[in-house]
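Colleague: Using the working numbering, read the sequence shown as starting at 675 and increasing by one per residue.
Just so you know, these hints were derived from the structure itself, not from any lab. All values derive from a computational prediction rather than experimental measurement. Each hint should be verified, as a subset may be incorrect.
[To be verified] Computed cross-link-like contacts, EDC-like style, restricted to lysine to aspartate or glutamate with a CA-CA straight-line distance of at most 20 Å:
1) K998 x D1050
2) K1024 x E999
3) K1049 x E984
4) K819 x E684
5) K1073 x D1061
6) K1049 x E999
7) K1031 x D1015
8) K923 x D877
9) K998 x E1033
10) K1030 x E999
11) K1037 x E1025
12) K998 x E1029
13) K1064 x E1033
14) K923 x E684
15) K940 x E676
16) K1070 x E1033
17) K723 x E712
18) K723 x E984
19) K723 x D1050
20) K1070 x E1040
21) K686 x E676
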Amino acid sequence: MEFLRANLWEVKKSTTLRLFGLILSLGHVLVFLSWAWEGNLPIALMSSKAQMCWPILEDCEFTRVLSVPLLRFVYGCYFGFAILTGLLMLSTRIVGAAWFSMLLTTFMMMLLYFQDYRLSSNVIYLQLLCSFIWLFIPNKTPTLKAIALSYFFAKGLIMLSPEWLIGKWYLEHADLPKKFAEWLAAISTMVVFICPVALFFKDLRYFLVSFLTLQAYLISSLFIGNFIEPGILALVTLLFALDLYEQRKLEREFIYQSFIRPEPSKIWPWVVVSLFWFAQVVPRAPIQWPSYVNHFGTLYSLNPIPPHRECVQYGFFIYDSGIKEIPANLMSTQLNESQCDPYLHFLRLKELCSEKKSEPGFKTIESFFYARGLKDPAYKAEFEAADLCKPNTSFKDLKAML
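Please put together the full structure from these sequences, using the hints given.
Modeller: Structure, rendered in structure tokens:
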């Protein structure tokens, strides 16, 4: 209980943290709106017959202990508590209620988020991490600022991939000349690397130039692509402006403050940032890590930009009376960024097996999936299955047969 009181005290005495709690609640609202825009994505994936487990889990049926109606209720409550949390943050007298409301909001988000790996998102991971730090980690403001800087730097490293620098993202989301898209990709990478570092400067001139440049980049991205990532990042960067304002206000008033509770240890930002960067390094380092370390890195590292791939898939419904080719639109996946992910296509076919099994004369599905990257001279088989509807057929088994 003393640990929780210390966290509540830190939030209560800081205007920056109270307002950032309001910002986090707005971030939760954006997450809900993003899911709702995609057709209530957690509910849709929960209702599907094929489930995509998180990589650290071989079997994740236990994550679906809630029925669809109950999960729908949690989904609605998540939106309601996100709004309630923001309203409670406006008062300095009910910080405890606001903290508890944020706890419930974060818990419901986790319950929805871990239902299916297709919900995985870098910026939702950041929202979840910031909520956890705000709730439980001492020395919150420096820790939140450090993790925001780390996120931008890690995002910048991901943006150095050829898929980003050739302007592929801008070309997919806007009708732009190719060379202009490449320039935008290069400039945006420099902005992501440089501007967040300059937000730590005390000189107001450098701070304002960096802050406004970063906000302009994020706000302009709202009108090009999905609103969820630039929206949450624009909200998170407001922490730097709030903290600078509060620090300058204290300096002007020359108030000597002595608190009943000691100041939280300054080691916490270093601990959290070290864990964050260790998670980024694990999947990319040429080292044979223990399995529990690999699981940690897989779960807490940012997802890289999907490599540019071309894929071809052939599928056939096998009936007692003959064979029928499966239309391409029936085999397509739901997420645009993963159109050539063989595992998603495998799950879609398993879903078709469940849909067709009651059809008279239906036996199984036969399918072949081939893909190639930018440097591959020819297509390579990702999976080949003559009897995909056979019980207990797993994607790992098909890969092992190649």
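Colleague: What hint numbers does the structure not satisfy?
Modeller: 1, 6, 7, 16, 18, 19
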